[in-house]
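Model the placement of chain B on the given structure of chain A, informed by the hints.
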Amino acid sequence: MHLIELQDIFKTYHLGEVDVPVLKGISLNVELGELVALMGASGSGKSTLMNILGCLDHPSSGTYRLDGEEVSQLSPDGRALLRNHKIGFVFQGFNLLPRTSALENVVMPLSYSNENLTERAGRQRGTELLERVGLGDRMHHEPSQLSGGQQQRVAIARALVNRPRLLFADEPTGNLDSKTSKEILEMFQRLNREEGLTIILVTHDAGIAQYARRTVRISDGLIVADAAGGAS
Amino acid sequence: MSKVYRTFRMALHALRRNVMRAILTTLGIIIGVAAVIAMMEIGNGSSSAIQSTIASMGANNLLVMPGTAASGGISFGAGSTMTLSPQDSEAILRECPAVRNAAPVVRARTQIVAGNRNWVPMYIYGTTPDFLAVREWTELAAGETFTDRDVRNGSKVCLLGQTIARNLFADESPLGKEVRVKNVAFTVIGVLAGKGANMMGMDQDDILLAPWTTIKYRVSGSSATVANQSAAASSANAVNSLDQLYPSSQTSLYPVPSDTEAADTPLPVRFTNVDQILLAAQTSAEIPAAIAQVSALLHERHHLREGEADDFSIRDMTEMMKALSSTSDLMKTLLLVVALISLIVGGVGIMNIMLVSVTERTHEIGLRMAVGARARDILRQFLIEAVILCLAGGAFGIVVGRLCSYLVTKFLHWPTLTSLTAIVAAVAVSASVGIIFGFYPAWKASRLDPIEALRYE
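Protein chains in written order, with my numbering: chain A, 639 to 870; chain B, 118 to 574.
In isolation and in its complexed conformation, chain A is listed as follows (with noise of 0.2 angstroms):
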């Protein structure tokens, strides 16, 4: 069973009068423990892709089979629901709450779960995820007290609180020098490889999708190539 399978999805948007389509019939499958690069110029479509993959918005036609599950017409609030269970994000811009420490930052998807573990328990699961990412020494620090690159790992740690079986990093190192980014993108590796995790990399920049095992390009809402590639 693919982790996910999408079959022609078309997502048109009503501008007023105007109809514009941006993606036009898209399929897609991504298994289990995939390291997956998704290409595309900007207004190539890859976000509008991104936001129907992360259960952000739904699509105007096909259908979305996420873990077995079709969610292509969910309800907003059932999406909600899908995404604090199974997905997790990091964004470009690392949106983090400020004046937050980095713990408080880590646990705060919790409060949305069902799982209702108990603070003291939530605390232990944020700590761990912390020092897991290196941040064991800077967990009361607020995010304006960290560099970007440590603000980017506190956001990884967050988008890995509710333990995901899917992770979308947007742009992950848009912000970051190439020092940094080189160590997030390992960062993302080393997740993969020990933890099984899927990992789909929203990116424009070849040299980001070379961390990658496969790479799928977008032009003009369009899948034009899907292979296999990169470093390992």
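These are calculated hints, taken from the structure and not from any lab test.
Treat the hints with care, as some may be off.
Below, in silico cross-link-like pairs of lysine-lysine (DSSO-like), each with a Cα-Cα straight-line distance of 30 angstroms or less [what the hints assert, rightly or not]:
hint, chain 1, residue 1, chain 2, residue 2
1, B, Lys-561, A, Lys-724
2, B, Lys-312, B, Lys-439
3, B, Lys-120, A, Lys-724
4, B, Lys-527, B, Lys-312
5, B, Lys-312, B, Lys-273
6, B, Lys-312, B, Lys-294
Covered by chain A, according to a simulated footprint, are these stretches of chain B (three or more residues, beta-carbon under 8 angstroms) [what the hints assert, rightly or not]:
hint, segment
7, 125–138
8, 486–492
Small disclaimer: the values here were computed from a predicted structure and weren't measured.
Yeah, the Cβ is synthetic: ideal placement off N, Cα and C, and Gly gets one too.
Relative to chain A, chain B alone:
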């Protein structure tokens, strides 16, 4: 449970992130609630001050009059039977819990003389020292009041009202001087404080108070003579030419007894009666209870059978009571309106800031939604923030309001009265203001699209 706790903590945390703004927002509610509390307390204070002023005008007073005597279809008017006794007065005070004070009154109307001046007072009242307590008139301008002992002894002492003191003694102090009432010499032992005119424009200071025993036995002789004094006066008028045809005094059928004979054989008196009994109820609210209790007691004491007509009547100061209740009603309505306005203003302030906060935190809302917050989670978070702001404002407002009313009492000497109702109402209202005015911004936040919100800069 832990979810509510988490949301609560999250809200507190969010507020801590912008302390200054939270304080400024709360200020609206603080001022609103403080205004409500201070207004209610000052209002309550002045309301009760006004009520006690009106009460001192006699609003709490009840007058028990004897019933109407009638003979062969001819009525003699109100108060013409002799059914009330001084013991009734004592029994009322003893057995009616709604009655604060009771005083029997014996009236006379005659000339009084001091030195070379004379005067006819509006009121010559024979009573007990309790009379002054009933009328809330215990402050004397000079001297002291007579005592229960004076009443028992029938002492020839009296208190003068301001008007009489002025007319008989001008600038001199009347204390210790002698005043003759129908040739009985009274020693003036006190002068009453000025009370002015009553609601009918009658001068209440035109009064002479003495023990009722003295007036009853030494001045009036019997209550009936009071009614007949005008007849007695006109019989003395020899100028009336009709006097011969229609003699106003009856021809005596029996030889007039000499003074010695009269002293030897006093007229048998069945019981002593008084002209009226003046009562004060505990509070104006207890007036109906007092009327019921006094009525029941007098029924029993006068051995009135079921269905038999009352031999007494009780009157209250309905007009004054109306003035009293309408004054306090008006006051309360006015304060309620002011309170509502200031709280609504505070609520609008909260709504305003929460809307700004939602816009400013669009990005955060987007993020929360991306990691799995549902619309209702966002709604709850913002609602709880608003309610926390309002409740904190309410708590501070109570403290500030109490402080204000304390300062007002201390420095302006206005009367204030702590109002528990005001405090409870202020807290309840500030919480509801938080929910009502916090709902729209919270609802707006919950309706955001996560993708749009994440993209928002």
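Consistency of the hints with the structure:
no.: 1; hint: B:Lys-561 with A:Lys-724; result: 27 angstroms, holds
no.: 2; hint: B:Lys-312 with B:Lys-439; result: 21 angstroms, holds
no.: 3; hint: B:Lys-120 with A:Lys-724; result: 20 angstroms, holds
no.: 4; hint: B:Lys-527 with B:Lys-312; result: 29 angstroms, holds
no.: 5; hint: B:Lys-312 with B:Lys-273; result: 24 angstroms, holds
no.: 6; hint: B:Lys-312 with B:Lys-294; result: 23 angstroms, holds
no.: 7; hint: 125–138; result: holds (count 4)
no.: 8; hint: 486–492; result: holds (count 7)
Consistency note: the structure conflicts with none of the earlier hints.
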